[in-house]
Amino acid sequence: MTPALAAILVPALAALVGLTALGRSRRAAAVAVGGALVTFAVTAGTAIANVVDGVADSASYGLIPNGTAPMQVALRLDGLSATVAIMVAAVALAVQIYSVSYLGGDPRYPSYAALISLFTAAMMLVVHADDLIILLIGWEVMGICSYFLVAHHWELRDARRAGVKAFLVTRIGDIAFMFGIFGLGLGSGTFRISDLELLVGDDLMAGNTLTVVTLLLLAGVVGKSAQLPLQVWLPDAMAGPTPVSALIHAATMVAAGVFLVARLYDVFLAAAATLAVLAVIAAITMLGAALAALVQPDIKRVLAYSTISQLAYMLAALGVQAYEAGMFHLITHGAFKALLFLAAGALIHVVGTNLLPEMGGLRRIMPVTFVTMTIGLAALIGIPPFSGFFSKEAIFVGAEEAIHDGSAATAWVPWFVLVVAMITVTVTAAYATRLWLLAFFGTRSAPAQPHEVGWTMRGPLVVLATTTVGLGVIGLRNDWFPAWLDRLTFTVEPAGITDLVPAEATLLAPGLVTSIASLVLAAIGAGLTYLSWRRTTADPARLLGRLEPVLDRGFGVDSLYDRVVVRPARRIAAATLVADRDVVGAAVTGSGTVSQRLGAAVRRSQDGDLQRYLTVLLAGTVLVIVAAWTAAGT
Amino acid sequence: MSAEAWVLLAMIIVPALGSAVVALVPGPRGDRVARPLGAIFGGITLVLAVVAVLAFDHDAAGTFQLETDLSWVPALDLRFHLGVDGISLPLVLLTALLAFLCLAYTTRVMPKAAQPRAFVAVLLLLEVGLLGTFVALDLVLFFLFFEVVLIPMWFVIAVWGDSTPSSTARSAANTFILYTLLGSAVMVLGFLVVHAETGTFDLVALADGAGAGMARGTQVIAALAMLGGLAVKTPMWPLHTWLPDAHTAAPTVGSVLLAGALLKMGTYGMVRVVLPVVPEGTEVLAPYLGALGVVGILYGSFACLAQTDLKRLIAYSSVGHMGFVLLGISTLTPAGINGALYANVAHGLITGLLFFVVGGIKDRHGSSSFDGVGRALYARAPRLAAILAFAAVASLGLPGLAGFWGEMLTLLGAYDPSSALPRGLYLTLMTLAGVGAVLTAAYLLQTVRRVCQGPIADAAPRRSSLEDVSSIEALAWSPLVVLVVLLGVWPGLLLGLTDPAVATLLGTGG
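Those protein sequences? They're chains G and B, same order as listed. Heads up: the first sequence begins at 1 in the working numbering, then just goes up one per residue. Heads up: the second sequence begins at 1 in the working numbering, then just goes up one per residue.
By construction, these hints were calculated from the structure, which means they are not laboratory data. Note that the structure is predicted; figures quoted are calculated from it, not measured. For each residue, glycine too, the CB sits at the ideal point set by N, CA and C. All the given hints hold, so there is nothing to weed out.
Derived contacts from chain B toward chain G, CB cut-off under 8 Å, selection only:
hint, residue
1, THR241
2, GLN307
3, ALA441
Isolated chain G (complex conformation) (with noise of 0.2 Å):
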C-alpha cells in the first residue's frame, strides 16, 4: 500500500468503525484517535522523505469506463501533498485529542467523532488525488462532513440553518466547478492532473476556452475557500462546535479551494485573465472581510471573518504567481488559526459564551490559553518572528516582485494587491487587539468554570503554539520551505518519456521595504484600538458608528441573497405544486369520445382554468424553443 492509500484509508476505516460499530463514547474515542494518530504517522513519513529525498509518484488503481473520457482512480504523492497532508493529519490529531474532553460527555459524541475521521479522509483523498472525478468525490464529501457537523447541535435553529446553507452555498460554486471539469478533461482529453501538467507546454486549448474553464474552476474555489461573492456561509457555519470550525472552518477544508488551484497551478497560469480575476477578487475579499471581523461580538465569527481573510491572502499571493508565499501562508495559517479557534473554544468552554462583551481578565485564570492564542494573534498579524510574519512577508514580496517583472497580464492588479493587502494588516491588527484586549483583559468576567482547561484541550493548544513558533524558524531558512514544495517535478524527456527533475529554487525572503511598511501599519492598528480602548475600556467597535451594524452584517450580501435568490425560489416552488395537476388526466380519465374529450380539455382553458393552461403554455414554449434551436443548428 502506497502512503497516499494508506493516509485516505486509514481514516476512512476509523470513520467506518466509528459510524457502524455504535460503540460507548470511549470505545468511540480510541478509534477516533488512534486512527488519528496513525494517519498523522503515516503523513509524517512521507513529509520527512519528501524533506530528504524528495517524493513524486502516480499511481492509477482501476479505470471508471465511460466511453467518452478517460478517469482513472489515480493517486500521487508529491512535495505539495506531502506538504498540505502533514498539516491536514497534524490539526486532525490535535482536534480528536483535544475534542475527547470537550465533546466526551455529549451523546452524540461517537458520530462526531467518526465524522470528522471521514472528513480527514476525504480531504487526504483531495490532497492525494490525481484525478480531478477523484478529486471532486473528495471536495464534495468534506462538504457533507461540513453539513453534518456544523448541525452537530440541531436542536438549535442556527445550527440546523448554518449546516444547509454551507452546503447548498458551496454546492452552487461546485456545479460550475464540475462544469469546470468537465471542460478541462474534455478540452484536454484527459482528467489525469499529472497528465495535464505535462500538456501545458504545448497548447492545452484554445486561450478563451481556457479562460472560461478556468473560471468555472474558479467559482469551486471561491465557494470552497469562502471568497466573494460566495463568502456568506462560514461565518454562519460557527455555530458548530469549535473543534470543527479550527479543523474543517480554518485549517483545512476551506484551505482546500487555494489548494485546489495550486494543484492545478500549469493550468491556471496558462490562463493569465483568471488568475488576475482571483487576484482582484482575493483582494476585496480580504479587506472586506479584515472589516468585518472588527466589530462582531462572537469571538468564532471574529476568527472566521479573519479566516475568510487569510484565505485570501494565499489567493492573492497564488494570483499574482507568488505561488510558494501562497502555499507557505496556508501551512503557517492552517496551524496559527486552528491555535486560535481552539483557544477560543477553551475560553467558551469556561466562560460559557460566545460573546466577547461578556467575557475579559481571563489572562489570570486561563494563563496558558492567554500565552498559546497571544501567540496565535501574534503570527495572525504578522509579528516577527512568529511564522505569520513570515508567510505574510513573501506574499508582500511577491506582490512586489510582480510588479517589478511586469509577469502580471495586468500591470495594476499586482499594485491592487499590495496596497489592499497592506491596508488589512492594519485592520487584522486591530480586529486581533480587540480581541485579545476584550478576552483577556478588563474587568473580570463571572465564569462557570473558574479554572484553565483539561489536559487534553492544553496539550493541543501548546503544541499548535509551538508549530507557530516552529515555522517562524522554518521561515529564517527562506530556501527550505520552497524546496520541499516542489523538491521534484514531473517533467517530459524529448523522447516523450516523463522523468522527474529538481524544480529551481525559488527564495521566500521577508523584504526590507514592505517588513517595515507592514509593522509600521500593524502597530497602528494595534495601537488606535489599544487607545480607543483604554479611554473608555468599551468594545472598540463603537468608534464605528454607523459603520459598526453594516460591518456587523457583512456588508448585507446575506439579505440580498434572501431577497434575489431565497424568496423567489419558495414562491417558484409553492407556485409549482398549486399547478402541478392533471393535464392530460382530464382527457384520459373523462369519458366520450376523443372530440368529446378535446372539446372538454379546450372548454377547460377556455373557460380559465389558468393551472392547466399554464402548463399546456409552457410545454409548448419548451418545444417551440427546442425546434427553433435545433433548426438555427443545422
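Keeping the supplied structure of chain G fixed, place chain B upon it in accordance with the hints.
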C-alpha cells in the same frame, strides 16, 4: 440456445409458479404460509439472477447472452426470444433484489387490508412482468411483459393502498392504469410501424439493421410513438401527473417496486428499443426529450421544495431524477447513456431505500405528512433517522455514493453531445440541470432538517419515543445501503457492464 439459457427462463417461471402456488393453497393455511412462501420464491428468483450474473461473460458484455430463441406464434411472426447484455443485466439483478427484499419485508409487515395470499401472489406476478420486460428481445414479448406489470400494480395500489386527501387509493390506481395503458397503446403503434417497414419484431435483428429500410419520416413517427408511450412510464414531464398520487396511495413495498423497478421500464425501453431500432428518428427527437427531461428536473425540484408530505415529496423527486436519465439518453453519447443507465440503477436503489424508510416512518406515525411525523427524529429513532439522512444525501447525488456517477456522466454527456445535436442547446440544458442539482440538494436537506432535526420538545407529543429500526427493516434495507456505497466508490462495477453494451448500441466500439 446456450447451455445456461435456462436461467432466464427459470427466472420468469419461478415467480409465476410462486404466484400460482400461493394463490392456490387454500383456506387459512394458505394465508399463513403465503408470506414465507413468497419470500422463498423471491429468494430463488434472486439466486437465479445471481446465477445469471455469474454465467454472464463479462468480457463480452456488449453482446446478448444466455439467449432463448423459440418460434412461438409463427403465423404472427412472434418469437419467444430472451437474452441479456450489459444494459439489461444490472436491471434484472436490481429487480430481483428489490422484489426479494419487498417479499421478505412483507413476511413481517403487511399493509392494512390483510389478504396476505392475494398480496404475495400479486407481488410475484409483478416480478414476472418486470423481469420479463428486461430480458425480452422481441417487441411483442416486450409489450406483453410490459402490460403484465400493470394489473398487479393496479391491485397493489387500489386494494392495499391508502386513500389521501387528494385522491382515493382507487382513483390513484385508476389514473395510473389509464395513463400507462394509453402510453402502451401509443408505444404499440410505434412497434407496428417498425414491423410494417422492416417485417420483424426481433430486437436483435432490428438493432443490427439500425433503422435500415425505414425512411427518416417513418423513423420519426415510430420514435415519437414509442418515446411518447415510454415517457409516460418514466415519467417525463408533463406526463408525470399519475405518479404522485400513485406513490402516495401505494403501500410501502408497492412504492419501492414502483420507483425502484417500474419506472426503469420506460427509460430502459428507450435505450433498448427506440435508440437502436430507429436511430435517425431518435436523433430528431432527442433534443425535445432532453429539454422535457430538464424541465422535469427543475419542476420536480421546485415541487419538492414546497411539498409537505414525505411520500409525495419522494414521488416528485423521481420526476427530477428520471429527468437526468432522459437528459443522459438524449445526448446520444456513450457518457450520457452510460450515465443514464447508472442513474437508473442508482435511483432504483436510493429511492427504493427512501420509500422503505419513509414507509417505516409512516407506519410508526400513521401519517407521512411533515406535521404528522413531527420533528427531531434523530432523537426519537436515531438509526431510522440516520438511514433517512443517508438516503437523502445519496439522493442528492453526493460523490462517493451511487447517485453521483449517473448524474455526473449525464451532465458530461450534455457538455459534449453527439455531433448531430445542437451543442448550444445542450450546454443550456446542462446548466439548467446543474441548477436543478442545487435545488435537489436544497429540498433533500430541507427535508432532513424538517423531519430529523429540530427542537426535541417539538417532536410529535404522542410519539416521543419510537421503535427504532426493527430487525426485518435492517434486513431489507442494509443490502440497499451497502450497494449505494459500493456503487459510489467502485463505479467500474456497473460501468464495466454497460460501457461495452452502449458502445455496441452506438456503434462506437468493437
